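First to last, the sequence lines map onto chains E and F. For the first sequence, the numbering used here assigns the number 1 to the initial residue and increments by one for each residue that follows. For the second sequence, the numbering used here assigns the number 1001 to the initial residue and increments by one for each residue that follows.
What the hints contain is simulated information worked out from the structure, not anything from laboratory work. All figures in this text were calculated on a predicted structure; none of them were measured in a lab. Possibly wrong hints are sitting among the right ones.
As the list claims (entries may be wrong) - The following label-pair restraints were derived from C-beta to C-beta distances:
#: 1; chain 1: E; residue 1: 74; chain 2: F; residue 2: 1414; range: 44 to 50 Å
#: 2; chain 1: F; residue 1: 1528; chain 2: E; residue 2: 64; range: 21 to 27 Å
#: 3; chain 1: F; residue 1: 1081; chain 2: E; residue 2: 83; range: 51 to 57 Å
Unchecked claim - Far from chain E, some chain F residues (derived; all Cβ distances over 12 Å):
#: 4; residue: 1185
#: 5; residue: 1193
#: 6; residue: 1195
#: 7; residue: 1197
#: 8; residue: 1220
#: 9; residue: 1430
#: 10; residue: 1523
#: 11; residue: 1566
#: 12; residue: 1598
Where is the CB? At the ideal position from N, CA and C, for every residue including glycine.
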Amino acid sequence: MTAMPRFRGLKSLAISPPSLRDENRKTLRVVLPALLFALIALAGAAGAQEPLRIVFIAYENPDQLVENVEPVIDYLEGRLGGEVEHFAATDYAAVVEALRHGSADVGFMGPLQYVMARRQAGAYPILGEIYNGSATYVARIFVRKDSGTKTLADLEGKTIAFVDPISSSGYMYPLDAFKSAGLIRTRADADTFFKRVYFAGGDEQAIRAVLNRFVDAAGVGQFAFGLLRGGERDQVVHVAESRPIPSHCVVVRKDLDAGRVDALRDALLALNEGPNHGLLEHLYGVDGYVRVDASTYAEVEDIARQYDFIPASGSPAP
Amino acid sequence: MPRRYRSLLQPTRLAALALAAVASALAWSRADAHVVPPERLHPVTESYRRMGFLLSLNPVLWNEVGRDATLIADGLEAVEPDGGRLYRSSVASLLDAAITATGGSGPIPAAERRATARDVFHLSTGAVIDKLDAHLALARARLDEYGRASLELGEARALWAAFEPALQAIDAGAYREHGRRWLELTSALGTPGVLGAGAVAPDRETFEREAARLMAFLDATFRAEDAAAVPERVFRVSPALLPVTPAAAAAPGLLPPGSEINKQLPRPRQVLNMAVRGVDEAETPLVALGDMAFDSPEIFGEPARSLGMSCNTCHNKGVTNPRFFIPGLSVRPGGLDVSSSFFAPHAANGHFDPVDIPDLRGIRFTGPYGRNGRFASLREFTRNVIVNEFNGPEPEAMLLDGLVAYMLEFDFLPNAALAPDGKLTDAAAPAARRGEEIFHRPFAAMGGRSCASCHVPGDHFLDRRRHDVGTVGGAEAGSRDRALDTPTLLSAAFTAPYFHDGSAPTLRAVSGHFNDFYGLGLSGPELDDLTAYVETVGGGAQGYEDTVFTLASELEEFSFFLSTYELLKARGENELLDVTFKTIAFEVQAHKWDVQDEGRLPVLDRLTEIMVEAYEARRRGDLAAVDARVAEYRALYEDHAEVLQ
């Protein structure tokens, strides 16, 4: 169960691999005071060079995250030559909200959340994360090794645990893997293909549900496997994986000054190598960044539309 | 007052299910021999599981039980103030009575101990269930506020983990059924979506139905009238004796939360005399046999075997494991009560007397053995550890010979500051030189003796005698049970804490103790100098390995283990062959996730399989197949030794 007081999960909120970050997006906690503060600050702000405001998504302890990223903030202030403010949200909706209302200029989010929020937020992605050497990751369908399950087709009439109804690697892409295998066509098909579909609330909860034989399969991000211990890992295996999912992204609000966007992008790209590379440790432990634009997420948007996460009539990606 | 507290202390019968459930609820995070991250539990869940374990021991450390009860009470009080206060005061009065009766930690009559343990545990079970119930109710009440409902359900789910190991061990079907129930509950929360897009409304009907079923099960199984008592035998049961399901069989090792049996990194640097001399290890099979046995859980009995514990767990690389800790059995990290009821109930001494894990460096020079020097022979001491401390079967003569041969190779760290006669060299600092004078200074308060009288520099800084130095609490006034064997000071700078029970955290504290105990009248600066001297004597080159990547060296060591094959085969030592194959298989599995390139995992899995196949072939007497498997292991290892890092 994903829960606010998370007693299990990753060792540090600051190094959550991307697929694991979906799980806590839905919890809403301390962001409101921070948002309020930011809004008030915005209302009272004036002058040519307002501070750049960054909202980070926190997967565990927001206060700790705010502290952890401070070296990055110092670096950005040095690079950009102006004040940088930051706060943490525990909920992607809050990130989207902050970008929409202009209380934040920059935010971090997952691919599905980005495409779902694109129109409302009026924001666009500038950088994608490189994690484990890759700008993409995959979702996988895990089963117990001793289950005899060899293919996705074997899971017809069985139970499956996904992570959350709004999750890239923990729902939509696993569904898409079943679609690619010709087993389902729509989200609704899943309800008839499987005996029962559960949402476990987190990657770890979902993969443990398979390990402990609560369900027959789990559709989770690839990094969920790493949350199991050695002896546990030997008991589960994946029988399929999704097409590549673009990694989490850095998005900016649509009317942020283009010059500031370029400066921010350059500053973050400069972390890919050189003396400040170690700062990435504070930015979710990514290996670096890669340039992206809305087209990088066109396929995500397309899939999201097929599964009714966004309206079929929605405007195409710019 | 909640109804459920009324009948708590009535003596009642116990259903078989509840019995086993409670017994296994004494548990128990999984413990692997290898480095694994600790399971992260809700504080109340952690306290409940640990308390169950503590209450199963003899003696029971009532004060530690009280600490866990306080945490549970805090947790309950936060959601149910009346229930929390009632639980707190009820447990407190039970514990007060027990503590008064024992004077702290002494023995009380067995029946009384078990009755108190039973009542405390049952009260605590009720408290955890009440807290879980309260959070479920809060989630139910706030279903329309997704964030809040999610938070409350998360609390409840984390508390359910208090009962999971029990259920998993005794009723796999119920464990799975209720595991699915929690998935129903999380699914029923729905989702607020992203700014409304993709929102799914909560399913109130499902939530209420599943929550009610869950509570009914908890009440019936863990809190039923029939389950209100925990019989004596539950608390005497060791985890290994519990009914075992396939799931439990895969994870039989259970220790209470807060346990630490992982080895430290970096590892202590082991100095093997033969290795320093450049001896070809392939030609010292008896030492290899001992090395294997030293790393093998197979030579112990339950529960140590299932926990994956070996000599090396505590005496890591023949030195110490300063992190080792088991609640209820350790008083501080690096120590263990080896005569408790947990590891070898038949040899329990009934009182809590944990000892600091001794460093085995230079052990061939440090007899007699045991903190009180009760064994003259290292071989006899080692046998006692296997049989009477860790419940192992009587070891074969050759196995004991091997263990002794291996340990006889353990050297002290080389120390440039120390001359062969035990005097400091020019490499020693001035403070240490001043301390050397104090060390040799006769004190009237010690009957004209000096520190050096017992820690004889010319004889490895010991005198092979027993002395009462005021560090042991005796059985009674005037008793003669306070004497301890003089320990060496060599390599001691790396083995804090000190004294037989680890009660002195630093060498400075040791100096301070002797100054106070004997009334030596040394000044602060003199004590600093004396400490500098002991630190210099106890120092040495490179106490720890310079890497934390150990897989390659471990695999090399497993090859060394297998170098005994020809000898054991020629001598018809079938049991030792079996132990060797099983130990290598276990060790490769335990270390395989250290591999930096996970693409190599299949090689490591194959190495394991080969050893399992060799074991099976040996069991059915197919010696040609055993030969073939051993050859295959060696070839596969040789082919991949370079890349298995």
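Taking the hints in turn, this is what the structure says about them:
1. 74(E) - 1414(F): 44 to 50 Å: 46 Å Cβ-Cβ, so the 44 to 50 Å window holds.
2. 1528(F) - 64(E): 21 to 27 Å: 40 Å, violated
3. 1081(F) - 83(E): 51 to 57 Å: Once the Cβ atoms are compared, 46 Å apart, the range 51 to 57 Å for residue 83(E) and residue 1081(F) is violated.
4. 1185: Check fails; 7 Å does not lie beyond 12 Å.
5. 1193: 6 Å, violated
6. 1195: Non-interface label fails for residue 1195(F): nearest chain E Cβ at 5 Å, not farther than 12 Å.
7. 1197: Violated: least Cβ distance 5 Å, not greater than 12 Å.
8. 1220: 21 Å, holds
9. 1430: About 41 Å separates residue 1430(F) from the closest Cβ of chain E, which puts it past 12 Å; holds.
10. 1523: 45 Å, holds
11. 1566: 32 Å, holds
12. 1598: 10 Å, violated
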